[in-house]
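Engineer: Residue numbers (UniProt numbering), protein chains in the order written: chain U, 1 to 508; chain W, 1 to 508.
In short, the hints are calculated from the structure, not lab data. Computed from a prediction, not measured in an experiment: that's the story for all the values here. Don't be surprised by glycine CBs; every beta carbon is placed ideally from N, CA and C. Treat the hints with care, since some could be wrong.
[What the hints assert, rightly or not] Under the rule of at most 27 Å between Cα atoms (straight-line distance), these lysine-lysine pairs were calculated in the DSSO-like manner: (1) Lys222(W) / Lys214(U); (2) Lys69(U) / Lys261(W); (3) Lys20(W) / Lys219(U); (4) Lys214(U) / Lys219(W); (5) Lys332(W) / Lys219(W).
[Claimed, not checked] Only some residues are given here: those of chain U computed to face chain W with a beta carbon under 7 Å: (6) Glu28; (7) Ala34; (8) Ala51; (9) Gly54; (10) Asp183; (11) Leu185; (12) Asp255; (13) Pro480; (14) Gln483.
Number of protein chains: 2
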Amino acid sequence: MQSDKADSNRGRCMVEKQWKKFLALIGEVRDLAAVLELLEWDMQVNLPENAAAGRGSQIETLSGIHHEKATSKALGNLLDTLERASFPPGSFEQALLRRAKRDYDRERLIPAALVRELGAAGSAAFGAWLKAREEQDFSVFAPHLERLLELKRSQAALYRPAGHLLDPLLDDYEEALTVAELDPLFGVLRREQAAIVRKAVERGLEDDSFLRRKFPAAKQLKLAEFVARRIGYDFRRGRIDQAEHPFTTSFGLSDVRITTKVFPQLPLSCLFSTIHEAGHAIYEQGIDPSFDRTPLADGASLAFHESQSRLWENQVGRSLPFWRWLYPVMQKRFGGELGGIPLETFLRAVNRVEPSLIRIEADEATYNLHIILRYELEKELIEGSLSTSELPEAWNAKMEEYLGVIPPNDRLGVLQDVHWTSGGFGYFPTYALGNLIAAQIWELAHQAIPELEEEIAAGKFDHFREYLRANIHRYGAKLPPRQLLKQLTGSETPDPRPFLAYLEKKFA
Amino acid sequence: MQSDKADSNRGRCMVEKQWKKFLALIGEVRDLAAVLELLEWDMQVNLPENAAAGRGSQIETLSGIHHEKATSKALGNLLDTLERASFPPGSFEQALLRRAKRDYDRERLIPAALVRELGAAGSAAFGAWLKAREEQDFSVFAPHLERLLELKRSQAALYRPAGHLLDPLLDDYEEALTVAELDPLFGVLRREQAAIVRKAVERGLEDDSFLRRKFPAAKQLKLAEFVARRIGYDFRRGRIDQAEHPFTTSFGLSDVRITTKVFPQLPLSCLFSTIHEAGHAIYEQGIDPSFDRTPLADGASLAFHESQSRLWENQVGRSLPFWRWLYPVMQKRFGGELGGIPLETFLRAVNRVEPSLIRIEADEATYNLHIILRYELEKELIEGSLSTSELPEAWNAKMEEYLGVIPPNDRLGVLQDVHWTSGGFGYFPTYALGNLIAAQIWELAHQAIPELEEEIAAGKFDHFREYLRANIHRYGAKLPPRQLLKQLTGSETPDPRPFLAYLEKKFA
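If we strip away everything but chain U, and leave its shape as in the complex, we get (with noise of 0.2 Å):
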């Protein structure tokens, strides 16, 4: 009895030894990302013209020393001793062992060679991208392309999926995504979401001229900057700056930066996409802030993330009460042009519905056609059966089947996205599930929240915002993104009938 106890004593005393090593070292490499994302950061914001080299050989060698970190042997030996701990499900140590054990397997599987050829092919694609835009000729970027869809075949084929060569794509960006599953879901989303589009635009376009004239950019961004404070993006753990293309990025939970665009004809442009990254970023600032420094302190996946970011642009920022609030602040602070429009006009322009060319451009409405078109495609390209030569003929046909649109050129057409001249095949599935969730979690802030509309109407996004982190941002990258969903929703998958309703209700 007693040397049972000492032996278990002794064992306790062991994996507290084991773990803390193992918090040490996942801290490090968490340290690293961190650099890694203020090195991309910097450069977005703050880079001088010719200092882009530079730039490049510190991210490459951080990158590798990141690489070295997060597959060494040490980590792999402290997990799988830890693993044999079996710390209690749903405990803080099991969530944590289980997501850096994903993150560790998924880094090693990936021959260091394999990671080269992507960088280096990746490089070269986004060199011919640009100059394909500029000359408006596909062509110009096929071969990187063909070369790419190679590379990500033999990743993929590294994980030997059982189903579609696409899934473990999918699964890098939103795990346990699969073909199976989305070809069901967007098969649905596009017969009735094509529906909707297609009423609406038999009503006629909305007039939006009052908005396309000359808003002064610093007022753009003091409107942008109130906004993002009042729904609770917090500065003391953050800042905006502006970026060519904006986004929000996380050096750790006490620093989660967003940035923004200003367009002086576009006076919505600013406010909206500061809105989205600070629905980002909210996401982040909410996260368990004894998760930081490891890979918790991150959202469930990439369409948690868009489901923030959504819920804060469309559900909450293209809404009849958050324009009660806003309206009258707005017209004041931009004077004349705003003051003879009311209100009802000037939310028919921010909802106005028009299918158009460029997918970052596009309205609710379209939004998520423009995905499943993407997402088609790419299964094709990956499988083979599409051939990277017939891609822009098998785009503009899309585009004109599901838009009833045809771009005139690859630039507005095929060439647009940034996402496949780095191999990002498989990402583009999270926006529209993004979008999906982010309806789901609407109905339901609005069952937890009767007044909630009312209280968007006088300014205050506490209670939702609250609502969010109680039910979601705290629980950062803890519970995998299907079990966070069913948590939430009494199901696995997401449902795309609270989206659907949504759009029904709002456009027809």
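Chain W: place on chain U using the hints.
Structural biologist: Using the frame of chain U, we list chain W on its own:
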């Protein structure tokens, strides 16, 4: 013969391979150092209020990895092998090996435990220093200073110095600098500068009340940027931001950033601190681009660096020709306030001599006296002939003796500088040496460019900057500072006479 040739080819090929490895390795070390600089820069310029702890751990992790790589056996072996290859004196390879070896040996010499202890003692001392300043009570800081002195004494002892215990610490900041050299040099300076100051003070203070009104911050920043650009700071390879304490930092030769600070009531502070930092940055931007990502992409020494910032700030920026050019511009930009003040009056205000309490606000005539005071005290402190408890009194006594003013409290006296809080004993003298070298170079430049003052009065700085680039900047750290000084002036030691003659002419 055949076989000899084959052998020698094989040998050359071996050396080339080792050299490539060596360049790759020091390139990585350099990247890591650059990333540490970025972490620091971002901390000073951008950091959100609550992000300090997270940034601290990122810096700690990176510092550890940097130290590991910079002291790795692999690097040591490469240095040993390549030293035997005996590259010709004066070659890039020989210079780089010399510098890399010096860095390597110094970094290896100090045990990791001592580095950690110094880091911890420094953090604690910094906190205590802030508190001591707030409470105007030196005794809060004293025990921390004591601890730092102890640690630095043991660090100095590792070098087994033949002369004074401060020598190795001086050498850390300025290669080959010794107490034996500084004592007589500073003796002369102290005596002669004090006499010049006395004479200036006897003439009475110049009126500068017209400079103590409000000058809009945005206009000040614009003027500073305008001047920085004009004297040759290259914005394609740098940028200006605002920070609490202006500084220059380099992430490589194509990314040399400066910071500045605006005091609305002190219109010249932002301008002169920007010119000062631009002087540092122009030095770095002028280094031979082929030195990038090596330890030669650096100034020759701290004193040389300071000589460049001082030259632009003082010899150029506080001269009559400079203000012949800039004063009309400034009058036009700032309007009313300055319209009625003649150039001569303005210039006398710019060059006002006033013995004062704070080093960083000191004028050209009194500045070195602040330095000499610190040097003399830190010498006694490190020797142990002055105890920390006696320090404030000794400080005040010397202030009275050299400058005729007595600090009313420790905050305005012994607690004013941050340097000692991190154990930076031996750093201050480089500032004074910078002043001396600046005056030497100023004389030489006049000989090389007879029309120098006319050009400056026309707002033309290209000849002067190119002179500096050709004779100093481009060498980077290729030549040891003594050798560079000898190449410039004929002597290995700084000569105080040009500086004293410059002061005499300007202030007497």
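Engineer: Hints first: check each against the structure and report whether it holds.
Structural biologist: Structure-based check of each hint:
1. Lys222(W) / Lys214(U): holds, 26 Å
2. Lys69(U) / Lys261(W): Violated, at about 40 Å.
3. Lys20(W) / Lys219(U): violated, 54 Å
4. Lys214(U) / Lys219(W): holds, 25 Å
5. Lys332(W) / Lys219(W): holds, 11 Å
6. Glu28: Because about 5 Å separates Glu28(U) from the closest Cβ in chain W, which is inside the 7 Å limit, the hint holds.
7. Ala34: holds, 6 Å
8. Ala51: holds, 4 Å
9. Gly54: For Gly54(U), the interface hint holds, since the closest Cβ of chain W sits about 4 Å away, which is under 7 Å.
10. Asp183: Check failed: Cβ of Asp183(U) comes no nearer than 42 Å to chain W, outside 7 Å.
11. Leu185: Leu185(U) check fails; min Cβ-Cβ to chain W is 39 Å, beyond 7 Å.
12. Asp255: holds, 4 Å
13. Pro480: violated, 26 Å
14. Gln483: Violated: closest Cβ of chain W sits about 28 Å from Gln483(U), beyond 7 Å.
Comparing the model with each earlier hint shows violations of hints 2, 3, 10, 11, 13 and 14; every other hint is respected.
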